[in-house]
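Participant: So the protein lines, in turn, are chains A and B.
Each residue of the first sequence is one higher than the one before, starting from 395 at the first, in the numbering used here.
Each residue of the second sequence is one higher than the one before, starting from 54 at the first, in the numbering used here.
Quick caveat, the hints were computed from the structure, so don't treat them as lab data.
Backbone N, C-alpha and C define an ideal beta-carbon position, used for all residues, glycine too.
Certain hints may be false.
Some but not every residue of chain A turned toward chain B, in silico, with C-beta under 8 Å [stated by the list, open to error]:
#1 I407
#2 H409
#3 V417
#4 R450
#5 F453
#6 M454
#7 L456
#8 P458
#9 Y459
Single-letter residue listing:
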Amino acid sequence: MITKQCYFSQNNIKHIDYKDVDVISKFINPHGRIIGRKRSGVTAKSQRQLATAIKRARFMALLPYVAN
Amino acid sequence: MPISCDNVYAMSTKTEQHERQEGIQVYELGFHFVPTLSEDEVVVQFSHLKSLIEKKGGTFISEETPLMTKLAYEISKTVKATKKRYTSAFFGWVKFSVNPEAIAPIEKEVKAFESILRYIIITTVRENTLVGSREAVSAATLAASKKGGSKEAGSEAEASVETTPADETPVTSVEETPIAE
Numbered sequence: 395m396i397t398k399q400c401y402f403s404q405n406n407i408k409h410i411d412y413k414d415v416d417v418i419s420k421f422i423n424p425h426g427r428i429i430g431r432k433r434s435g436v437t438a439k440s441q442r443q444l445a446t447a448i449k450r451a452r453f454m455a456l457l458p459y460v461a462n
Numbered sequence: 054m055p056i057s058c059d060n061v062y063a064m065s066t067k068t069e070q071h072e073r074q075e076g077i078q079v080y081e082l083g084f085h086f087v088p089t090l091s092e093d094e095v096v097v098q099f100s101h102l103k104s105l106i107e108k109k110g111g112t113f114i115s116e117e118t119p120l121m122t123k124l125a126y127e128i129s130k131t132v133k134a135t136k137k138r139y140t141s142a143f144f145g146w147v148k149f150s151v152n153p154e155a156i157a158p159i160e161k162e163v164k165a166f167e168s169i170l171r172y173i174i175i176t177t178v179r180e181n182t183l184v185g186s187r188e189a190v191s192a193a194t195l196a197a198s199k200k201g202g203s204k205e206a207g208s209e210a211e212a213s214v215e216t217t218p219a220d221e222t223p224v225t226s227v228e229e230t231p232i233a234e
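Here chain B stands alone, though its shape is the one from the complex (with noise of 0.2 Å):
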């Protein structure tokens, strides 16, 4: 591997420190809306989602706008006393570092979030994670950024490029965690 890689890891365990330092750690929140909403609705349920989150301190790294989905299985959710059935559902996900003890407060509003079907919240790391649908999640961040304004529109796409030179990487964007465990 060239020296510009070398780079990068250093660059990447720089701020991990800073970041263990600081007490960030790096979340994502998967959901399901029910599919009852119509598209408006979908796109004003999400970004009420996360202004939630915004408003706990959470900085946002990626996301996914919730698309229509087929569910593998029936899920069922009791509003008041009423069992709904669903087969289908929109699932978006977002990505967000913030303090650990922020977290619980943001499940505990998520949780009480009435057009959610279905939520995790997993730890993970601030790169891109995913390989094979990456076509679609990159034209999704285009489109919120394009919205929103975010800073990662190219990041998506290059993150997974082993051979990306050092000098032409953004700022946050590609960072490759240091196996040292």
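This is chain A alone, in the form it adopts within the complex (with noise of 0.2 Å):
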């Protein structure tokens, strides 16, 4: 049997906000990119909120666009 692994799914998160710098940057790579539902096992529909929320948290500079 395969168990859940999306984080959002476990955590019962249904809506992803841009404020939450401390979640959203567990899947930003170091270099700021957003990693991929492959390797973060996210859900489809949270992988486009996730996305989206970390536009938001970028153009807001909570997050880096490109990190060194």
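Put the two chains together into one complex, using the hints given.
Facilitator: Written out as structure tokens, the structure is:
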């Protein structure tokens, strides 16, 4: 049996907030790029929300566009 | 899930339908104030910003008073032909519900706000969406409620607890969005 892996399903997070930098920064790599679904195991629905949240956080300079 | 949970769902659908009929949408305005303001000035500017929303018929749901944060990259703002660069700012947000027709004039005024370095207006849901930094937020809301007398002091902390009994919840605090789409 395959166990549930999606972080957001496991923690019952229905809405991903761009201000939640602690949560969404788990899903960016050291360069600041968004980690894909294959690696993160996030459901398609959550991944779409996550991508939006990360992009909003970048716009508001809470996360970097490019990190070195 | 116990029956009480179903009640919460039923309640939320009712209020949401009601809101849809009324044409009310929940928005959130996130913003950065320029770091050159003093702590007192920030409070003044924040209340000024809120009065602007209130004037257009907005009702506040929750907020976080601006706090000094380091920016992930440099942001520049041009005021009267002088370009200034900032690496830190006061970040705050306010969540409110308003008629969608009023959001464009609100944005226009926010855009003209001189102490705002950058802002974002998004549509969101009434319930609390913050997970990670909840303690900080609820503390901020508490502090705000002490000043402004807002109603959702406990809601921030309560909203995330999935087994909250329905009879204990305040009237508007916990509202799960039904998954039906």
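Participant: Could you run down the list of hints and mark each one as holding or not?
Facilitator: Outcome of the hint check:
no. : hint : in the structure
1   : I407 : holds, 6 Å
2   : H409 : holds, 4 Å
3   : V417 : holds, 4 Å
4   : R450 : holds, 6 Å
5   : F453 : holds, 6 Å
6   : M454 : holds, 6 Å
7   : L456 : holds, 6 Å
8   : P458 : holds, 4 Å
9   : Y459 : holds, 7 Å
In summary, the structure agrees with every hint in the numbered list given earlier.
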